[in-house]
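Engineer: In case you want the letters, here they are:
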Amino acid sequence: MSLIHKTAAELGRLIATGETSSVEVAQAHLDRIAAVEPKVHAFLHVDPDGVLAQARAVDERLAAGERLGPLAGVPIAHKDVFTTADMPTTAGSKILEGWRPPYDATVTQRLRAAGLVILGKTNLDEFAMGSSTENSAYGPTRNPWDLTRIPGGSSGGASASVAAYEAPLSTGTDTGGSIRQPAAVTGIVGMKPTYGGSSRYGLIAFASSLDTPGPFARNVLDAALLHEAFSGHDPMDSTSIDAPVPPVVEAARQASVDGLRIGVVKEFGGDGYQPGVLARFQEAVDLLESLGAKVVEVSCPSFTYALPAYYLIAPSECSSNLARFDAMRYGLRVGDDGTRSAEEVMALTRAAGFGPEVKRRIMLGTYALSSGYYDAYYGSAQKVRTLIARDFEAAFHQVDVLISPTTPTTAFPIGERADDPMAMYLADLCTIPSNLAGNAAISVPCGRADEDGLPVGLQIMAPVLGDDRCYRVGAAVEKAFEDRWGGPLLKEAPAL
Amino acid sequence: MTDTLMPYDEALAQFEPVLGLETHVELGTVSKMFCGCPTAFGAPPNTHVCPVCLALPGSLPTANEMAIESTIRIGLALNCSIAGWCRFARKNYFYPDMPKNYQISQYDEPLCFDGYLDVEVDGRTVRIEIERVHLEEDTGKSTHVGGATGRIQGADYSIVDYNRAGIPLVEIVTKPIPGTDRLAPEVARAYATELREVMRSLGVSDVRMEEGSMRCDVNVSLMPRGATEWGTRTETKNVNSLRSVERSVRSEIERQAAILADGGRIVQETRHFHEDTGLTTSGRSKEEAQDYRYFPEPDLVPIEPDPEWVARLKAELPELPSVRRRRLQADWGVSDLDMAAMHNADAFVLVEATVAAGAPAADARKWWMGELARRANEAGTTLAALPITPAQIARVTELVASGALNDKLARQVLEGVLAGEGSPDDVVAARGLQIVNDDGELSAIIDQVIAANADAADKIRGGKIAAVGALVGGVMKASRGKADAGRARQLILDKLGVTE
Ligand SMILES: [Zn+2]
Chain A
1 MSLIHKTAAE
11 LGRLIATGET
21 SSVEVAQAHL
31 DRIAAVEPKV
41 HAFLHVDPDG
51 VLAQARAVDE
61 RLAAGERLGP
71 LAGVPIAHKD
81 VFTTADMPTT
91 AGSKILEGWR
101 PPYDATVTQR
111 LRAAGLVILG
121 KTNLDEFAMG
131 SSTENSAYGP
141 TRNPWDLTRI
151 PGGSSGGASA
161 SVAAYEAPLS
171 TGTDTGGSIR
181 QPAAVTGIVG
191 MKPTYGGSSR
201 YGLIAFASSL
211 DTPGPFARNV
221 LDAALLHEAF
231 SGHDPMDSTS
241 IDAPVPPVVE
251 AARQASVDGL
261 RIGVVKEFGG
271 DGYQPGVLAR
281 FQEAVDLLES
291 LGAKVVEVSC
301 PSFTYALPAY
311 YLIAPSECSS
321 NLARFDAMRY
331 GLRVGDDGTR
341 SAEEVMALTR
351 AAGFGPEVKR
361 RIMLGTYALS
371 SGYYDAYYGS
381 AQKVRTLIAR
391 DFEAAFHQVD
401 VLISPTTPTT
411 AFPIGERADD
421 PMAMYLADLC
431 TIPSNLAGNA
441 AISVPCGRAD
451 EDGLPVGLQI
461 MAPVLGDDRC
471 YRVGAAVEKA
481 FEDRWGGPLL
491 KEAPAL
Chain B
1 MTDTLMPYDE
11 ALAQFEPVLG
21 LETHVELGTV
31 SKMFCGCPTA
41 FGAPPNTHVC
51 PVCLALPGSL
61 PTANEMAIES
71 TIRIGLALNC
81 SIAGWCRFAR
91 KNYFYPDMPK
101 NYQISQYDEP
111 LCFDGYLDVE
121 VDGRTVRIEI
131 ERVHLEEDTG
141 KSTHVGGATG
151 RIQGADYSIV
161 DYNRAGIPLV
171 EIVTKPIPGT
181 DRLAPEVARA
191 YATELREVMR
201 SLGVSDVRME
211 EGSMRCDVNV
221 SLMPRGATEW
231 GTRTETKNVN
241 SLRSVERSVR
251 SEIERQAAIL
261 ADGGRIVQET
271 RHFHEDTGLT
281 TSGRSKEEAQ
291 DYRYFPEPDL
301 VPIEPDPEWV
311 ARLKAELPEL
321 PSVRRRRLQA
331 DWGVSDLDMA
341 AMHNADAFVL
351 VEATVAAGAP
361 AADARKWWMG
371 ELARRANEAG
381 TTLAALPITP
391 AQIARVTELV
401 ASGALNDKLA
411 RQVLEGVLAG
421 EGSPDDVVAA
431 RGLQIVNDDG
441 ELSAIIDQVI
451 AANADAADKI
461 RGGKIAAVGA
471 LVGGVMKASR
481 GKADAGRARQ
491 LILDKLGVTE
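Residue numbers (the UniProt record's numbering), protein chains in the order written: chain A, 1 to 496; chain B, 1 to 500.
Read the hints as simulated data drawn from the structure, not as lab findings. There's no promise every hint is true.
[As the list claims (entries may be wrong)] Result set (DSS-like, lysine-lysine): computed pairs, CA atoms no more than 27 Å apart in a straight line:
(1) B:K91 x A:K383
(2) A:K383 x A:K359
(3) B:K91 x A:K359
[To be verified] One side of the interface only, derived from the structure: several residues of chain B facing chain A at Cβ under 7 Å:
(4) P51
(5) L54
(6) G58
(7) N92
(8) Y102
(9) D291
(10) D299
All residues carry an ideal CB built from backbone N, CA and C; glycine is no exception.
Using the sequences and the hints given, assemble the complete structure.
Structural biologist: So, in structure tokens, the structure goes:
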């Protein structure tokens with residue numbers, strides 16, 4: 001098996017034992033990137049020389065006897081929404097084209113400290129706003145399963161890079177489903193940790209109270225290893241939780257659901273769900289029962305209001321977070337010809353630098369926060385948020401985890417929903433409640449829909465700081481399905 | 001365009017003022033409010049900056065715990081309730097000197113609320129109700145280059161220094177203050193003065209108004225005498241000294257009265273005070289109020305001060321200025337009038353420091369309120385700005401008490417110190433101001449004086465001891481003031497064989 005098809009855990013082991021080197025592994029992935037990027041367009045920035053230099057440095061550290069983590073020397077694709085001092089950081093926006101941050105995000109620092117080799121920066125919907133990566137100012141990323149379809153979003157470059165074997169691991173961020181939905185539609189694993197479990201410092205903000213960095217991988221154990229590598233308390237992020245990282249790697253190795261109580265969320269299903277998605281989901285339910293779990297139906301009535309509440313809270317926060325892009329200190333500057341006022345230059349720059357979806361959300365949020373509307377919109381949405389958290393709390397009194405399809409449909413064709421924001425927003429119907437409540441949730445592959453042969457994801461939701469349960473159940477499902485399929489789902493993807 | 005003013009007495013005859021003050025105090029913490037950058041004043045532009053205070057993409061604030069503690073102490077000193085749970089909020093508006101284009105402040109959940117500060121004006125105590133004390137961050141500082149006004153309108157270009165961006169600011173807001181009547185300007189000044197003293201006693205800020213570490217916005221409205229509904233208020237900014245606080249209130253009363261008496265209406269607006277003219281000019285209109293779209297700051301967790309901690313901070317508050325003044329007044333045995341005079345002259349702290357340096361209270365007060373006040377006045381400066389320290393004054397009083405100097409010589413010593421000739425001892429040595437204590441030298445002078453005043457000497461010998469004053473005066477004159485007058489008197493009587 002070639003190096004690019006190995007798991008991250010295996011690569012880490014081979015590098016640690018000297019059977020291969022980080023440079024060799026990096027080169028194999030750079031070759032793959034060179035071969036498939038013209039079709040996939042997962043990356044916004046790759047610097048092969050820089051990659052090899054990083055890999056050499058890790059090889060030297062290992063040769064010098066330094067003890068690094070289990071992922072030392074393993075390559076990773078990094079979402080272009082985390083700051084990197086040695087690479088440009090754009091957040092998928094024209095307004096930051098060419099910006100070189102003077103500092104590394106905490107997640108970036110921790111990847112480096114663990115000896116991971118950053119292959120490059122991956123494409124995303126502008127400022128992580130979208131579910132298809134079509135909102136990137138630098139062109140869409142394509143789904144490796146079907147190049148005419150979307151790879152999900154906003155972390156579409158991250159999911160596509162892993163699904164296309166350009167990287168064994170990638171980072172993503174999940175604000176309303178931006179890790180789980182891309183993972184589901186590309187047939188890989190994507191985890192949204194508990195809010196505050198991974199640091200937001202250096203993550204270019206979309207919606208501060210929702211944004212959560214998390215891992216992508218082709219299997220549950222790899223995702224857990226990456227989760228462990230960059231998570232944990234960060235004094236630079238006040239909202240970071242000062243508690244140990246849940247035992248995610250141990251849970252992924254445990255891979256058992258025997259005796260667990262699993263709740264099926266009653267509110268997710270029915271109209272608007274693709275039949276093939278519902279069929280695969282039911283199969284997963286049956287599988288879990290056959291593995292010894294007790295599956296019950298659980299009602300979470302407030303989840304019905306999650307989508308509208310999210311589309312008030314997230315735009316409100318984004319309207320304020322994105323105010324700093326004003327042409328004064330960094331990024332694009334338009335119209336500064338010596339005759340215009342600072343205010344005019346700000347307006348011209350923002351008009352030219354932001355794409356239509358970003359502008360739509362800034363306007364939506366500005367409106368929702370306006371005096372006279374605040375209580376009706378932002379205020380009500382916060383109340384819904386509280387109700388959703390209570391629904392979760394009540395549900396987790398009855399069951400250990402909740403499950404649902406990750407998304408109502410498989411990957412849709414590029415362009416299909418581009419002019420219909422409401423249809424686009426529905427892609428995150430099942431994922432949003434966990435962002436509003438801040439609890440942990442993972443998406444693992446659960447087969448392909450009969451209609452289109454495209455991957456379907458199973459979402460497993462666990463309580464706040466119960467991240468390990470996602471991995472435990474996810475790994476059990478993965479193991480049982482792989483036994484049935486004769487290997488990972490991704491083996492069924494067409495060659496690129 | 002200059003505004004018409006109505007003479008103050010006439011304005012007060014027709015209208016009653018209502019005051020309100022919003023005071024910003026920069027806290028003297030080592031680091032900024034939401035990052036680790038230093039707060040020191042006067043560094044080269046844009047050297048005290050980092051990703052956080054420049055609002056680089058991805059950066060996040062972390063709250064400075066010392067600033068929270070200082071704010072709670074201020075709240076406690078102002079008799080406020082302390083919130084058990086409160087949040088920061090974002091105040092959204094675009095301005096180039098505000099890096100994030102929102103200010104992290106507090107909105108409807110201030111850290112401290114419902115307090116008061118008593119101030120003394122004209123012999124009576126006025127209770128100023130405090131509405132709230134909250135914590136926020138300062139903006140950067142814009143300099144507008146070119147153009148006539150130094151304001152952003154009409155400038156060729158503007159430059160921004162972000163060193164100040166993110167320095168912790170405490171905002172102290174009073175409730176409306178009615179009923180001050182013609183003392184409104186003095187009450188405003190007394191409040192600002194007392195607030196400054198409180199900040200100093202807490203050690204939370206250097207409260208230098210000229211450097212902007214304490215800034216007052218003064219709200220004034222007028223209503224016709226007998227009316228019950230308050231008028232439209234204006235908010236005067238840029239008030240950079242205690243004296244300006246008083247002047248701006250007076251000037252704004254005179255301006256508004258002229259408009260109202262003429263049947264006009266007051267525009268709700270921000271106004272700027274000008275030190276040179278003592279007048280205010282119109283700034284931004286607040287009629288179309290800016291919508292700041294406040295919402296709770298999602299990047300920071302709520303503040304939940306532990307009640308035990310708050311109780312401890314309260315117990316550990318230093319003696320507050322008003323209490324200290326009452327205690328020292330009793331210690332020093334000074335009248336209310338003298339206390340008020342010292343307070344008004346900003347001499348209190350200096351007198352206290354001089355006493356602490358070993359001088360008797362009466363002497364300390366005498367020098368600061370007498371000779372030094374006169375010299376400060378002549379120089380057009382304040383007592384605190386005179387180049388002389390309380391310790392030096394204490395040394396002068398010590399020299400007088402030991403008999404080494406008399407008052408006349410002491411004044412010359414002070415003059416020397418103020419002229420930069422060194423310490424009191426340096427001046428005494430350099431100018432040769434030591435009292436003549438050598439009986440031999442004094443004796444020779446007395447012999448000359450007796451010889452020159454034979455008539456007076458005879459009268460004294462004849463029992464008219466009162467006449468000795470003329471001879472002592474002669475000795476003092478002949479010694480150019482350096483003789484010890486008491487000793488001279490004794491020697492003269494001895495020489496003339498007279499006993500008292
Ligand atoms: Zn800073």
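Engineer: For every hint, state whether the structure bears it out.
Structural biologist: Structure-based check of all given hints:
Among the hinted pairs, K91 of chain B with K383 of chain A is consistent with the structure: their alpha-carbon atoms are about 22 Å apart, no more than 27 Å. The hinted pair formed by K383 of chain A and K359 of chain A meets the criterion: a straight-line CA distance of about 26 Å does not exceed 27 Å. Under the criterion of a C-alpha separation no larger than 27 Å, the hint pairing K91 of chain B with K359 of chain A is consistent with the structure, at around 20 Å. For P51 of chain B, the interface hint holds, since its Cβ comes within 7 Å of a Cβ in chain A; the closest pair sits about 5 Å apart.
Residue-level restraint check for L54 of chain B holds (minimum Cβ-Cβ distance to chain A is 6 Å; threshold 7 Å). Taken as an interface hint, G58 of chain B checks out: its beta carbon lies about 4 Å from the nearest beta carbon of chain A, inside 7 Å. For N92 of chain B, the suggested interface contact is upheld, since its CB lies about 5 Å from the closest CB of chain A, less than 7 Å. Evaluation of the Y102 of chain B hint against chain A yields a held restraint, the C-beta minimum of about 5 Å falling below 7 Å.
This hint holds: D291 of chain B has a C-beta 5 Å from the nearest C-beta of chain A, less than the 7 Å allowed. Proximity of D299 of chain B to chain A holds as hinted, the smallest CB-CB distance being about 5 Å (cut-off 7 Å).
The earlier numbered hints are all upheld by this structure, with none contradicted.
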